[in-house]
Amino acid sequence: MLTLSAIRINFGGLQVLQDISLAIPKRGIFGLIGPNGAGKTTVFNLITGLLAPSSGTIEFQGRPLNGLAPHQITRRGIARTFQNIRIFKEMSLTENVLVAMGRQARYSALRVLLPSASLRAAQHREHSEAKELLARVGLADKSEILAGRLSYGEQRRLEIARALATAPKLLLLDEPAAGMNGAEKQQLMEEIVKLEENGLSLAIIEHDMRFVMGICREIAVLNFGQLIAQGTPEAIRANPDVVEAYLGEENEVDSASVKNLS
Amino acid sequence: MPAKAGIHLRFRWQAKEDLDSGLRRNDSWKVDFDSTVSQAVGLEPRIVGYQSTSMEWIETFWATYSTLVLSVGTNVLLALSIYLTLACGLLTVANAAFMGIGAYTAALLSLHSGSPFYLSLLLGAMLPAAVALLLGPPTLRLSGVYLAMATLAFGEIVRIFLLNSENLTGGALGLNGIPQHTRWFDVVAIVVAALYTLLRFAGSRIGRTMAAICQDEVATELMGLNVRAYKLFAFVLGAGLAGLAGGLNAHFTFFISPSEYGFDRGVEILAMGVLGGTGSPWGAVIGGVLITLLPELLRGLGDYRPLINGVILIIIILYSPKGIWDLTRFLQRKPVAAAN
Numbered sequence: 001m002l003t004l005s006a007i008r009i010n011f012g013g014l015q016v017l018q019d020i021s022l023a024i025p026k027r028g029i030f031g032l033i034g035p036n037g038a039g040k041t042t043v044f045n046l047i048t049g050l051l052a053p054s055s056g057t058i059e060f061q062g063r064p065l066n067g068l069a070p071h072q073i074t075r076r077g078i079a080r081t082f083q084n085i086r087i088f089k090e091m092s093l094t095e096n097v098l099v100a101m102g103r104q105a106r107y108s109a110l111r112v113l114l115p116s117a118s119l120r121a122a123q124h125r126e127h128s129e130a131k132e133l134l135a136r137v138g139l140a141d142k143s144e145i146l147a148g149r150l151s152y153g154e155q156r157r158l159e160i161a162r163a164l165a166t167a168p169k170l171l172l173l174d175e176p177a178a179g180m181n182g183a184e185k186q187q188l189m190e191e192i193v194k195l196e197e198n199g200l201s202l203a204i205i206e207h208d209m210r211f212v213m214g215i216c217r218e219i220a221v222l223n224f225g226q227l228i229a230q231g232t233p234e235a236i237r238a239n240p241d242v243v244e245a246y247l248g249e250e251n252e253v254d255s256a257s258v259k260n261l262s
Numbered sequence: 001m002p003a004k005a006g007i008h009l010r011f012r013w014q015a016k017e018d019l020d021s022g023l024r025r026n027d028s029w030k031v032d033f034d035s036t037v038s039q040a041v042g043l044e045p046r047i048v049g050y051q052s053t054s055m056e057w058i059e060t061f062w063a064t065y066s067t068l069v070l071s072v073g074t075n076v077l078l079a080l081s082i083y084l085t086l087a088c089g090l091l092t093v094a095n096a097a098f099m100g101i102g103a104y105t106a107a108l109l110s111l112h113s114g115s116p117f118y119l120s121l122l123l124g125a126m127l128p129a130a131v132a133l134l135l136g137p138p139t140l141r142l143s144g145v146y147l148a149m150a151t152l153a154f155g156e157i158v159r160i161f162l163l164n165s166e167n168l169t170g171g172a173l174g175l176n177g178i179p180q181h182t183r184w185f186d187v188v189a190i191v192v193a194a195l196y197t198l199l200r201f202a203g204s205r206i207g208r209t210m211a212a213i214c215q216d217e218v219a220t221e222l223m224g225l226n227v228r229a230y231k232l233f234a235f236v237l238g239a240g241l242a243g244l245a246g247g248l249n250a251h252f253t254f255f256i257s258p259s260e261y262g263f264d265r266g267v268e269i270l271a272m273g274v275l276g277g278t279g280s281p282w283g284a285v286i287g288g289v290l291i292t293l294l295p296e297l298l299r300g301l302g303d304y305r306p307l308i309n310g311v312i313l314i315i316i317i318l319y320s321p322k323g324i325w326d327l328t329r330f331l332q333r334k335p336v337a338a339a340n
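Line by line, the protein sequences are chains A and B. Using our numbering, read the first sequence as starting at 1 and increasing by one per residue. Using our numbering, read the second sequence as starting at 1 and increasing by one per residue.
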């Protein structure tokens, strides 16, 4: 589905990613883990075009993404959520989703100028599609309130609904479970698995090991910008380099994730 | 007919001048009224009698306030022009310069090539839009104060160009004797058309995208929306509206000079946009009307007028930092919020 080959990126003299090659498969949820500062979000930023690699190539469905603007990459079918939530706080939930659906709008900018029955019908359809997406993440009853009023966990789910509204083939989730309680996490896991079953390819960055191990078929581990392991959850759990990477970073890793790892 | 209208307008102009010096107010408009309406008298005495009182009122009002009404109209257009960029979160102050380009283009065309008024207006809107199309791509990469600085510099370049190309623009002496073609219904029609267009945009995905860009550019881009194209669209359309305002303004003030399109005007336009609020085109209307009328309403205060004017503006910004329009939104939202 998506392949990164020999990706390198430097911020000044700092090598943030060194020779990263990995493939996100079409089927099965892909997990990307690693201690803080390992370069996980940088990988997502590269894929979505927010950063350009110093060298190396990224291919999506056999076509290179290098040099494309972020919005063009989204149009190719890659959507994402953000580690630090980036919803439109001063808009209603419906409006948030509608913005993301703008690209697929079935009416032109000029048709907006004249009120017509067909325009109203198109806009009505757009609204009901937005409501459906919100229902998929369990936010249907809050569709008209301002997004900034949602709880942290709800905001993360709104981000997923908004990303889905761009009609992606591949969805990148950056710490989707951060700030959620146990019940919310469980619900989110089920929702993500359902998305995968419906044919969406997924890659997830997540610190919660139970979450990652629970839903991912394949996991890659980054440490200090290098890929130190890649494989099934069982293989990753047993990999001594991975355990060392986590335990060796005592100051940076919260004890919960270490406990979950073992 | 155009010649007649010209005479008519000049007469009104005369009436206004008289008024300004506080003299012969009634005589002036009465002569004007008699000459224009007398033909109709006699056909339907009763109705004409009724009309004449209302028309007297209109003529009096017009003789007194025509400049003000036309100023309100052009200022609303200018406020709408800066609303477009402010709604995308872009702080540009080039609108005064675009207005100047439009005013000079339209005025020069009317003066030298004798082009019809509406053609002058159209070209006066298109040239600034074309300039914005060239200026936009390099400058709109900037944000915040850096964008403000770049557009400010552009504004100065335009002003200095107008000042120094004496052969074309008359330099500091400005352009004199621009035909007074602008009639009140031109202004009203253009303001209504512009407001209608922007309201339709605001209520559609275009307005939503602009609001999204204002709140989080990166997130908007990653929704598959071409943020740069939207910004450029807002910038170019805003420049066109400002040019249109310039053309209209030039054709009723009779005289234009480079100093009218400098920094002061740029800040005034910005104040209209910010004061009214960028949440809706209605905000721009409120801002444009208020900034034009406030000094007039405070006329009784004499020397304290600018002081009180400034204090009022500060109070509004302090208590409604998102503009006056935001207050109405707050009132609308309240019951909804309570229901939740």
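If you're looking for bench data, these hints aren't it; they were derived computationally from the structure. Hints may be right or wrong, so weigh each one.
Quick list of the computed label-pair ranges, beta carbon to beta carbon [said to hold, decoys possible]: (1) A/Gly138 <-> B/Arg141: 52 to 62 Å; (2) B/Leu134 <-> A/Ala109: 18 to 28 Å; (3) B/Leu298 <-> A/Ala109: 57 to 67 Å; (4) B/Arg141 <-> A/Gly37: 25 to 35 Å; (5) A/Pro115 <-> B/Phe185: 40 to 50 Å; (6) A/Asn84 <-> B/Glu156: 50 to 60 Å; (7) A/Gly138 <-> B/Val188: 44 to 54 Å; (8) B/Leu134 <-> A/Arg27: 44 to 54 Å.
Fair warning: this is a prediction, and the values are worked out from it, not measured in the lab. Built from N, CA and C at the ideal position, the CB exists for glycine as well.
Going down the list of hints, with the structure as the test:
1. In this structure, A/Gly138 and B/Arg141 break the distance hint of 52 to 62 Å, their C-beta atoms being roughly 40 Å apart.
2. Separation of B/Leu134 from A/Ala109 is about 22 Å and conforms to the stated range, judged on CB atoms against 18 to 28 Å.
3. A C-beta distance of roughly 42 Å is found between B/Leu298 and A/Ala109, which places it outside the suggested range of 57 to 67 Å.
4. Between B/Arg141 and A/Gly37 the Cβ separation comes to about 29 Å, which falls inside the hinted range of 25 to 35 Å.
5. Between A/Pro115 and B/Phe185, the C-beta spacing of about 24 Å breaks the proposed range 40 to 50 Å.
6. Checked against the hint of 50 to 60 Å, the pair A/Asn84 and B/Glu156 fails, with Cβ atoms roughly 39 Å apart.
7. In this structure the hint that A/Gly138 and B/Val188 lie 44 to 54 Å apart at CB holds, the actual value being about 50 Å.
8. Distance hint for B/Leu134 and A/Arg27: a CB-CB separation of about 49 Å, consistent with the stated range 44 to 54 Å.
Figure legend: structure checked against the earlier numbered hints; hints not met, in rising order: 1, 3, 5, 6.
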